[in-house]
Amino acid sequence: MSAPAPTPSVQELRALFGPVLLRAVIYLAFGLTTVFWQEPTLTVVRWGIGLFMILQGVALIYMQRSLTERAWGHGNTHSRVIQSYAILYLVGGVATTAFSGSLPILVLVVGLIFSIGGVTELLQGFRAAGASAMARDWKIAGVVTFLTGIVLFMIGDLGPKAAFGITGGGAIIVGIFMVLAALTFRHDAASADSAKLDT
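Each residue of the sequence shown is one higher than the one before, starting from 261 at the first, in my numbering.
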């Protein structure tokens with residue numbers, strides 16, 4: 261007799277683990293880079309933040325596809341929202357590397373992308389409350405990203421090091437929560453599998 265098909269919630273947990281862990285690695289790698297790179301030039305900051313946003317966009321598309329194919333199915337509203345801010349980060353990353361030739365432009369572009377992306381992810385968390393295991397973590401990531409954008413507007417013009425440090429600090433905070441979320445999803449999925457075997 262074959263095992264029963266996994267419930268949608270377990271399917272979602274499995275679909276989330278890989279993409280969320282990837283996002284966590286990207287956040288933490290970028291954040292730690294900003295900590296150890298003590299005197300970054302504007303070029304380093306521009307390319308560092310730009311590549312960080314591009315990689316986040318790629319990770320979000322991976323999340324969107326994983327959830328669509330393994331849990332939610334096509335046409336899901338939450339999936340389209342994830343895709344929208346994935347594209348935002350991809351475009352923002354390209355714009356940062358291509359057009360941020362001065363610190364004020366860098367602060368403007370990155371501040372806007374982080375603020376808009378943060379609000380979008382925060383709203384996604386509220387919309388998904390009670391429907392997705394990721395809802396709480398979307399809210400946390402959204403708030404931290406939005407505040408990072410606001411702080412960048414306020415003091416980012418103090419220099420490349422300040423801009424790098426602000427974005428890196430926010431990335432470390434989100435990265436830690438993403439690691440915890442990924443490990444929780446994996447544990448909960450394994451627990452659900454064990455419960456099925458025991459019944």
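To be clear, the hints were calculated from the coordinates, so they are not data collected in a lab.
Cβ atoms here follow ideal geometry from the backbone N, Cα and C, with glycine treated the same way.
Warning: the hint list may mix true and false statements.
Unchecked claim - For each label pair, taking beta carbons as the anchor points, the in silico distance ranges come out as: (1) 418 with 311: 18 to 24 Å; (2) 302 with 329: 37 to 43 Å; (3) 417 with 391: 39 to 45 Å; (4) 414 with 451: 39 to 45 Å; (5) 448 with 333: 28 to 34 Å.
Now for the hints, and whether the structure bears them out:
Roughly 23 Å separates the CB atoms of residue 418 and residue 311, a value that falls within the hinted 18 to 24 Å. Distance hint for residue 302 and residue 329: a CB-CB separation of about 41 Å, consistent with the stated range 37 to 43 Å. Separated by about 41 Å at the C-beta atoms, residue 417 and residue 391 satisfy the suggested range of 39 to 45 Å. A hinted range of 39 to 45 Å holds for the C-beta pair residue 414 and residue 451, which are about 44 Å apart.
Against the hinted window of 28 to 34 Å, the Cβ-Cβ separation of residue 448 and residue 333 comes to about 21 Å, which falls outside the hint.
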